[in-house]
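Visitor: Next come the chains, spelled out residue by residue.
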Amino acid sequence: MPTKKKRSKQWELRLYVAGQTPKSLLAFANLKKLCEQHLAGEYRIEVVDLLEKPQLAKGDQIFAIPTLVRKLPTPIKKIIGDLSNTERVLVGLDIRVCS
Amino acid sequence: MAKKPKASVLGPGLDKAATGIQGLDDLTDGGFPRGRTTLIVGTPGTGKTLMGVEFAIKGAAEYNEPAVIMAFEETGEELAANVRSLGYDLKKLAASKKLIVDHVKVERHEIEETGEYDLEGLFIRLDHSIKSIGAKRVVLDTLESLFAGLPNAGILRAELRRLFGWLKDKGMTSVITAEAGNGHLTREGLEEYVSDCVILLDHRMEDQVPTRRLRVLKYRGSSHGTNEYPFLITDRGICVMPVTSMSYADGPASRERVQTGIPRLDAMLGGKGYYRGSMVLVSGTAGTGKTSIAAKFVEAACARGERSIFLTFEESPGQVIRNMRSIGIDLGRWIKRGLLEFYAPRPTVYGLETHLVTMQRHVEDFDPRVVVIDPISNFTTVATTRDVRLMLMRFGTFLKNKGITALFTSLTPGGENLEFTTVAISSLADTWIFLRDIEIGGERNRGIYILKSRGMAHSNQIREFVLSPKGIDLLDVYLGPSGVLTGSARASREAEDRTQIRRQQQEIKRLEADVRRKRAEAEAQIAKLRGEMESDEIELRQKLTFAKNGLRAQGEERKTMAKSRKADGENAEKPAGRAQGPRRRV
Numbered sequence: 193m194p195t196k197k198k199r200s201k202q203w204e205l206r207l208y209v210a211g212q213t214p215k216s217l218l219a220f221a222n223l224k225k226l227c228e229q230h231l232a233g234e235y236r237i238e239v240v241d242l243l244e245k246p247q248l249a250k251g252d253q254i255f256a257i258p259t260l261v262r263k264l265p266t267p268i269k270k271i272i273g274d275l276s277n278t279e280r281v282l283v284g285l286d287i288r289v290c291s
Numbered sequence: 092m093a094k095k096p097k098a099s100v101l102g103p104g105l106d107k108a109a110t111g112i113q114g115l116d117d118l119t120d121g122g123f124p125r126g127r128t129t130l131i132v133g134t135p136g137t138g139k140t141l142m143g144v145e146f147a148i149k150g151a152a153e154y155n156e157p158a159v160i161m162a163f164e165e166t167g168e169e170l171a172a173n174v175r176s177l178g179y180d181l182k183k184l185a186a187s188k189k190l191i192v193d194h195v196k197v198e199r200h201e202i203e204e205t206g207e208y209d210l211e212g213l214f215i216r217l218d219h220s221i222k223s224i225g226a227k228r229v230v231l232d233t234l235e236s237l238f239a240g241l242p243n244a245g246i247l248r249a250e251l252r253r254l255f256g257w258l259k260d261k262g263m264t265s266v267i268t269a270e271a272g273n274g275h276l277t278r279e280g281l282e283e284y285v286s287d288c289v290i291l292l293d294h295r296m297e298d299q300v301p302t303r304r305l306r307v308l309k310y311r312g313s314s315h316g317t318n319e320y321p322f323l324i325t326d327r328g329i330c331v332m333p334v335t336s337m338s339y340a341d342g343p344a345s346r347e348r349v350q351t352g353i354p355r356l357d358a359m360l361g362g363k364g365y366y367r368g369s370m371v372l373v374s375g376t377a378g379t380g381k382t383s384i385a386a387k388f389v390e391a392a393c394a395r396g397e398r399s400i401f402l403t404f405e406e407s408p409g410q411v412i413r414n415m416r417s418i419g420i421d422l423g424r425w426i427k428r429g430l431l432e433f434y435a436p437r438p439t440v441y442g443l444e445t446h447l448v449t450m451q452r453h454v455e456d457f458d459p460r461v462v463v464i465d466p467i468s469n470f471t472t473v474a475t476t477r478d479v480r481l482m483l484m485r486f487g488t489f490l491k492n493k494g495i496t497a498l499f500t501s502l503t504p505g506g507e508n509l510e511f512t513t514v515a516i517s518s519l520a521d522t523w524i525f526l527r528d529i530e531i532g533g534e535r536n537r538g539i540y541i542l543k544s545r546g547m548a549h550s551n552q553i554r555e556f557v558l559s560p561k562g563i564d565l566l567d568v569y570l571g572p573s574g575v576l577t578g579s580a581r582a583s584r585e586a587e588d589r590t591q592i593r594r595q596q597q598e599i600k601r602l603e604a605d606v607r608r609k610r611a612e613a614e615a616q617i618a619k620l621r622g623e624m625e626s627d628e629i630e631l632r633q634k635l636t637f638a639k640n641g642l643r644a645q646g647e648e649r650k651t652m653a654k655s656r657k658a659d660g661e662n663a664e665k666p667a668g669r670a671q672g673p674r675r676r677v
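For the protein sequence lines, the chains are A and B, in the order given.
FYI, in my numbering the residues of the first sequence are 193 to 291.
FYI, in my numbering the residues of the second sequence are 92 to 677.
By construction, these hints were calculated from the structure, which means they are not laboratory data.
Treat each hint with caution, since some may be false.
[Unchecked claim] Below 16 Å or equal to it, Euclidean Cα-Cα: the simulated EDC-like pairs (lysine to aspartate or glutamate) are: (1) A:K245 / B:D218; (2) B:K657 / B:E647; (3) A:K225 / A:E238; (4) A:K269 / B:E198.
[Said to hold, decoys possible] Computed far set for chain B versus chain A, every beta-carbon distance over 12 Å: (5) G212; (6) R295; (7) G419; (8) I553.
[Unchecked claim] Between beta-carbon pairs, the in silico distance windows are: (9) A:L217 / B:G225: 32 to 40 Å; (10) A:G211 / B:E153: 19 to 27 Å; (11) A:L264 / B:T325: 47 to 55 Å; (12) B:G225 / A:Q229: 30 to 38 Å; (13) A:D241 / B:N492: 56 to 64 Å; (14) A:P265 / B:N173: 32 to 40 Å; (15) B:G274 / A:D241: 40 to 48 Å; (16) A:P265 / B:R327: 43 to 51 Å.
Note that the coordinates shown come from a computational prediction; the quantities given were computed from them, not determined experimentally.
All C-beta atoms, glycine included, are put in the ideal place defined by N, C-alpha and C.
Between the sequences and the hints, there should be enough to build the whole structure, so can you do that?
Guide: So this is what it looks like as structure tokens:
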């Protein structure tokens, strides 16, 4: 678990994958790129491989792979898919309000 | 509680997993197909979830087949609360590693789709749960929630197809619930993926009575009942009543006889009464004493120490007890001794299935040897004749299987065809006693006869049935040239008969006296004749003696003369002596 930083805008993101599948790798790459662009220095990404820790799937109500969970800021948001639709990811994470 | 599933009638075929749901295993000839997926389809509120959950719970608790319930609609707590009322403790089963409830929450507004994905997460969760308890059963309730939560139906369908294949590969006996759809069997067409066994649930109003029904739409590779079967959600779970799939009572029929409580009726039934475990139907027009015969039977059973249930659908127990007291039957004391139980629901409070189940429940709990339903004809207020007939058939078979003697009364409407029961169950009855009014001379009297009694010699006589404070009595009816006479007509005929008999007796006496007199006369004449004869004889004898004496005197004279003459000597005497011999003997 990433430690909380005493900053008003701290992003905690968790990416659930199942093994090193192309979809998972693509999702991680997309996420990394997006965070660097929009949340530089304000984010933490944790990757959870459910093949190794299947018991974690229940806690965050994971059924689709890959799933990105915004743990902070609250409320919790869930984004499923390989994150290739950047626009929707930004809307989903509340980084950009849809116009 | 749960029976071992019966062997398939088709012999060893499809391996099945018993559902443990009352009646369903009979219908499906053993349960759901093992290692395959069963689809339960129904409109909301038909009991799909409950059936799935019960399948899982029974597997875990009774068949040693741990189960995973993946609930898409209800949380574990909600499910636990729902089945707690059925006497199952999900938490305890979970604690003993027999059952896992995994609630999968799919909230559309929390989810953003941003590209390609699959449902591997679901597979992993399910796989993890299965492995952690060694599950054999999986219940997915209701997968369609995924369609509501995930916009990309294309991905979903592909993934579901994969899921069902995966479950099969894992050897899981699975149950999937689905909403019934318009035009399709299910709303999302899940039947395309699941084709081994499909169960259809339905909930509809019939004559203002809600009725749940179940149908096995499809069962690949297995025989199954094809009808719609009513089922109930009771406080012990789902209870299906396959009326027609039930075979006849198992085992040999009892040869034991039970007394009817009315000695004369016993006499009419081959001298011994009903067969134990048989079904007796007492039908008749209004006020002919059906309940009295039933009460007498119950009283006799209680007096033998046998437990009895009196199901009354017409009167309250208090009313029955009071009324029966008026003919000398005290049912109250048997209730106090715990041998008799009354159960008196209004027919209209439930549907037929609920009646059936509650009646069966009472029988199972009380364990009686005798059950009375008074009357069965009242059920027609809540259901069609056909349904009532099926229900009674089912109940009758149930009682027969338990060796319980059943007595059903049925009200026959007046009219032409009296030998007719409203619910047409006469063919089910082993013994059918018929009560009817006989109207003669401005009176109604009760007549009783036995229409049939399978497997025993029985009387073909009509008897008059008399209720009095002393009880029930059967009298011979008067059979005269003018037909059957009862009541006071019979009494007056009998009085006439008695006069007639008296007259005849007097005649006999007179004739006997005549005979005596004639004999006396004749004897007197005989005496007189004998007297005459005797006097004649005396006279004749005197004459005879006189004649003999005369002859002897003559002989003496001749000897004297011969002596005096000294003439012929010895020779003259001999012929005279020879002639005298026979005469002396006279």
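Visitor: For every hint, state whether the structure bears it out.
Guide: Hints, one by one, checked against the model:
Under the criterion of a C-alpha separation no larger than 16 Å, the hint pairing K245 (chain A) with D218 (chain B) is consistent with the structure, at around 12 Å. For the hint linking K657 (chain B) to E647 (chain B), the alpha-carbon distance of about 15 Å falls within 16 Å, and the restraint holds. The straight-line distance between the Cα atoms of K225 (chain A) and E238 (chain A) is roughly 15 Å, inside the 16 Å bound, and the hint therefore holds. Restraint check for K269 (chain A) and E198 (chain B): the C-alpha separation of about 11 Å stays at or below 16 Å, so the hint holds.
At roughly 4 Å from the closest C-beta of chain A, the C-beta of G212 (chain B) falls inside 12 Å, breaking its exclusion from the interface. Look at R295 (chain B): its CB is around 35 Å from the nearest CB on chain A, clear of 12 Å, so calling it non-interface holds up. The Cβ of G419 (chain B) lies farther than 12 Å from every Cβ of chain A, with a closest approach of about 72 Å, so its non-interface assignment holds. Annotated as non-interface, I553 (chain B) keeps its C-beta farther than 12 Å from every C-beta of chain A; the closest such distance is 77 Å.
Taking the beta carbon of each, L217 (chain A) and G225 (chain B) are about 34 Å apart, inside 32 to 40 Å as hinted. A beta carbon spacing of about 38 Å between G211 (chain A) and E153 (chain B) contradicts the range 19 to 27 Å that was offered as a hint. Between L264 (chain A) and T325 (chain B) the C-beta distance comes to about 49 Å, which sits within the given range of 47 to 55 Å. Distance hint for G225 (chain B) and Q229 (chain A): a CB-CB separation of about 48 Å, inconsistent with the stated range 30 to 38 Å.
Take D241 (chain A) and N492 (chain B): their Cβ atoms lie about 58 Å apart, and the range 56 to 64 Å holds. Taking the beta carbon of each, P265 (chain A) and N173 (chain B) are about 36 Å apart, inside 32 to 40 Å as hinted. Look at G274 (chain B) against D241 (chain A): about 43 Å separates their beta carbons, and that is inside 40 to 48 Å. Restraint check, P265 (chain A) to R327 (chain B): a C-beta distance of roughly 50 Å satisfies the suggested window 43 to 51 Å.
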